[in-house]
Amino acid sequence: MKLLYFAWVREKTGIGEETITMPEGVTTVEDLVSWMITRGGGFEAAFADKSTVRVAVNQEYAKIDWPVTDDDEIAFFPPVTGG
Amino acid sequence: MKLLYFAWVREKTGIGEETITMPEGVTTVEDLVSWMITRGGGFEAAFADKSTVRVAVNQEYAKIDWPVTDDDEIAFFPPVTGG
Amino acid sequence: MTIKVQAEDFDVGAELVALTDGDHGVGGLCSFVGLVRDMAGTEPIGAMTLEHYPGMTEKALVEIEAEACERWPLSSTLIIHRYGRLEPGDRIVLVAAASAHREAAFDGCHFLIDWLKTRAPFWKLEDTPDGGQWVSARADDDKAAARWAAASDKTEAAE
Amino acid sequence: MTIKVQAEDFDVGAELVALTDGDHGVGGLCSFVGLVRDMAGTEPIGAMTLEHYPGMTEKALVEIEAEACERWPLSSTLIIHRYGRLEPGDRIVLVAAASAHREAAFDGCHFLIDWLKTRAPFWKLEDTPDGGQWVSARADDDKAAARWAAASDKTEAAE
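In order, the protein sequence lines correspond to chains W, Y, P and E.
Under the numbering used here, think of the first position of the first sequence as 4, with each following residue one higher.
Under the numbering used here, think of the first position of the second sequence as 4, with each following residue one higher.
Under the numbering used here, think of the first position of the third sequence as 4, with each following residue one higher.
Under the numbering used here, think of the first position of the fourth sequence as 4, with each following residue one higher.
None of these hints come from the bench; they were simulated from the model.
In this text the structure is predicted, and so the values were computed from the model without any measurement.
Check each hint, because a few of them may be wrong.
Covered stretches of chain E (in silico footprint by chain P; criterion: 3 or more residues with CB under 8 Å from a CB of chain P, positions within the stretch not fixed) [what the hints assert, rightly or not]:
| id | region |
| --- | --- |
| 1 | 8-22 |
| 2 | 25-39 |
| 3 | 99-106 |
What follows is a set of in silico ranges between Cβ atoms, one per label pair, in the way DEER data are often shown [unchecked claim]:
| id | chain 1 | residue 1 | chain 2 | residue 2 | range |
| --- | --- | --- | --- | --- | --- |
| 4 | P | Ala142 | Y | Ile18 | 22 to 32 Å |
| 5 | E | Asp145 | P | Gly16 | 28 to 38 Å |
| 6 | P | Ala142 | W | Gly19 | 53 to 63 Å |
| 7 | P | Ala17 | W | Gly44 | 45 to 55 Å |
Using N, Cα and C, we set each Cβ at its ideal position, and we do this for glycine too.
Start from the sequences, fold in the hints, and give me the full structure.
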């Protein structure tokens, strides 16, 4: 799966983009976020307050119970502030 | 007093502008409109339905009981339709 | 605070750029352009002629701008209105309001056009297949303007 | 229905003229330009950098435009949003909506910017005297967008 990070989520994780094999046991967005935190360091910091992180699966906003697959593009970012 | 007529009020009266001496007995906008109707012809036609005619005294919208003097510029026109 | 009543067309881009140029406190600029449509209700129109009341028209527009600036924190406003003969697709009017804040820019701009439509002395004569027809005032326009009057009453009552 | 996400500045006048050019059914064109302010609250800012999500950003803007066109009878709409480094006074965004009717143009345009502010993936990083600060989402923006959501719910309930 392709993972993307934007704005301060990107700054905290220290990377903008990575491709990983879907971790074992992960089937939803929520599972993936839980796994992220187990990575520790910048990832743990980025997801410390989950309420401040938005998720998109294949470029559509996704809720916490959204299913994910190994072919998905999944992005993590703060609430948007454009315009 | 200077009298001005716009849009279909002008078309009905047949004139755009005239200067007259304030008619005897006229002290308010209402008196002036009543006098207009006594002029007959196009004036009578223009003021046949008084509810459709707006009045401005010295370039400010005026109500029916507004006082008028011989030095005033008084305009008669339909409800506005610009923009 | 700019008012122009003119027969000539105007340059929307140049006018809007000039309105906020050099003012770095402006966060939002809302504008509205009114254009001549080729239909009046169900009837096609070939052209229209806008009549106005030189002197009072400018005075009314100045008052409308002043009222907008009193109601919202606007850093600048603009009203340009044309008169004379106009054809379908021609621009009739441009109003704009700039503010530090988006909502004030929208409300100020919306107010300018709504009040202009019911208070500024302009009259439209449309060329229809049946000849020249003076446009009637629309109840919708009165309603749109009344909305702002109500808002003002509320403000006064609260003071 | 035009969407542009670009680093370069845009020409407001040319874009707005193109939006209604040749369409004589348009009676009103409402537009909003967002500009970089030199203050963020009480702090001066020197510049800002706009980050976006290439691909999703365009997709989100297309959806926002489609939603606007479903809700109001709009003859054309436009969204241009910049990314990259911008300085105070620079244009950030232009949204516009044209319609036969004034109220639809205003509502459509207002909706475009309100929804863009809460749904389009852009993030602002401001250069302040204390260093780069990511702008926080504003409760006011959520409230402004929620207004339109409520209107939609009502429509659905009525159907």
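Now the hints, each set against the structure:
1. Given a C-beta distance limit of less than 8 Å, the hint that chain P covers the region 8-22 of chain E holds, as 6 residues qualify and 3 suffice.
2. With 15 residues having a beta carbon nearer than 8 Å to a beta carbon of chain P, the region 25-39 of chain E meets the requirement of three or more and the stated coverage holds.
3. Here's how the region 99-106 of chain E fares: 3 of its residues keep a CB closer than 8 Å to some CB of chain P, so the rule of at least three is met and the hint holds.
4. Checked against the hint of 22 to 32 Å, the C-beta distance between alanine 142 of chain P and isoleucine 18 of chain Y comes to roughly 31 Å, which is consistent with it.
5. Separation of aspartate 145 of chain E from glycine 16 of chain P is about 32 Å and conforms to the stated range, judged on CB atoms against 28 to 38 Å.
6. Between alanine 142 of chain P and glycine 19 of chain W, the C-beta spacing of about 57 Å keeps the proposed range 53 to 63 Å intact.
7. For alanine 17 of chain P and glycine 44 of chain W, the Cβ-Cβ distance of about 54 Å falls inside the hinted range of 45 to 55 Å, so the restraint holds.
Comparing the model with each earlier hint shows no violations; every hint is respected.
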